[in-house]
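Read top to bottom, the protein sequences are chains A and B.
By the working numbering, the letter at position 48 of the first sequence is numbered 158, and the numbering carries on one by one without gaps.
By the working numbering, the letter at position 295 of the second sequence is numbered 330, and the numbering carries on one by one without gaps.
Pulled a few chain A residues facing chain B out of the computed Cβ check, cut under 8 Å:
1) Gln140
2) His146
3) Val149
4) Met152
5) Pro164
6) Leu168
7) Thr169
8) Arg170
In short, the hints are calculated from the structure, not lab data.
Cβ coordinates follow ideal geometry from the N, Cα and C atoms, glycine included.
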Amino acid sequence: MNDEIRKVIQEHGRLPVDVGTLSEYADLYQAGMTSHASVNVMLALEDSFDVEFPDRMLTRNAFASIAAISAALSELRAEATVP
Amino acid sequence: MSIAIDRDQAFLDSIRRTAKEIAAPNADDVDRNARFPHEAIEALREERALSAFIPTELGGGEVSFEAIAAACFGLGRCCGANAMVFAMHQIQVVTIVRHLEGAAWFEEYLSNVAGEQRLIASVTSEVGTGGDMGRSIAAVSPTDTGACTFEKRAPTVSYGEYADDLFTTLRRAPDAEPGDQVLALTSKGEVMLEPTGTWDPLGMRGTCSPGYVVRAEFPREQVLPTPSAQVSAESMTPVSHILWSHLWLGIATDAFDRARAFVRAAAKQKPGQPPPTALRLSHLMSELSMLRAEVSSALREFTEASEEPGRERLSTMAAQLRFNNLKIAASEQAPRVCQGALGVCGIMGFKNDTPFSVGRHLRDTMSACLMVANERIHQTNASLLLIAKEV
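Construct all of the structure, not just a fragment, from the sequences and the given hints.
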């Protein structure tokens, strides 16, 4: 999943650095992701993973690192499998 | 609980007194001469209103946030510029109180604010950022001696010359990205203000807000530990929009009151015949009610979300949209109400020296859409709306 997330960030995050150089826990905002770019990342993640982030998850922190994004996606998938 | 209510009540009584007896009689002079509202700020100091929100254990009054908002409204009814100075000071105080998170220096600082009734101004806007408060150019730079410095070009610093301390947004370090911001508190002795312009604006003239190059040298502990993005989302932005809109509502309410007094005077002159302006006043009342509803519902939503553990709701995009919308709606509606009051009062409202004058009200509220430009906020909202679900 992290590779797919990295691909989305590389394409939509408009980071001044190569996302490959960032650790899973690196702060994407400190790495230069703007608020506007983060919205594009969220949209692209919804598209790639075929999910919709509910409003409670749409916070700055939930998208602050690859690990945080991965946790949010896992949470959504777990919810989706509960009947 | 009753102690808290009593505290709020006593605070609001003192604000009402200061507003009526000191701010109101000086409002025209403050406006005409674009001068700082010294008398009213001194009176607020004497009433210990500058530390009203600070916890009692740090020497403050520990009133509720609702009481601070009500005070902004009450002062706004008497003098818009004085209310704006008070509101901007309270924005800094409320922000620090809500983000102390064990920062020892800031705790001690707040007790100094209470003890000395220090007035805090903010340096948030910056030349070259296109009005985007979420980005900075100026950075906290370490010196050889372990202290910090910065140099920031600010297009406006409200009452900068009269403030005891400045709260400034900066990049975390010289190599930090523009959005990686922190907040630094510096006192007058640590700061050099070099004026870069004059101050002769259309409205809010008493806020005395020319541009400056701000230079400061200060110890590192004066940088608030909580990252600016979190401070901004949870406190600074919603608190600014709520307190500003309360004082804009106050100005609009006074304009409405003047229009109503005008219609009553006309009705008394010709008993039995409703004056034609009475109908316009009724239209105006519905405009004012819409403004009041927006302002009070935003306050309620903010206080409810603040009481939740972790204040997580305030960090959501839905919350950001909500309080951005308050700013846009209130800043457009307040001058509309003032213009409506001018329509009711006619030439008596247009003249600057009648009991029905509303020129100052109209001019003061016209600043509202510029204080963080509405178009800039619309740009942010347009982006957030692509992803937020329930708004």
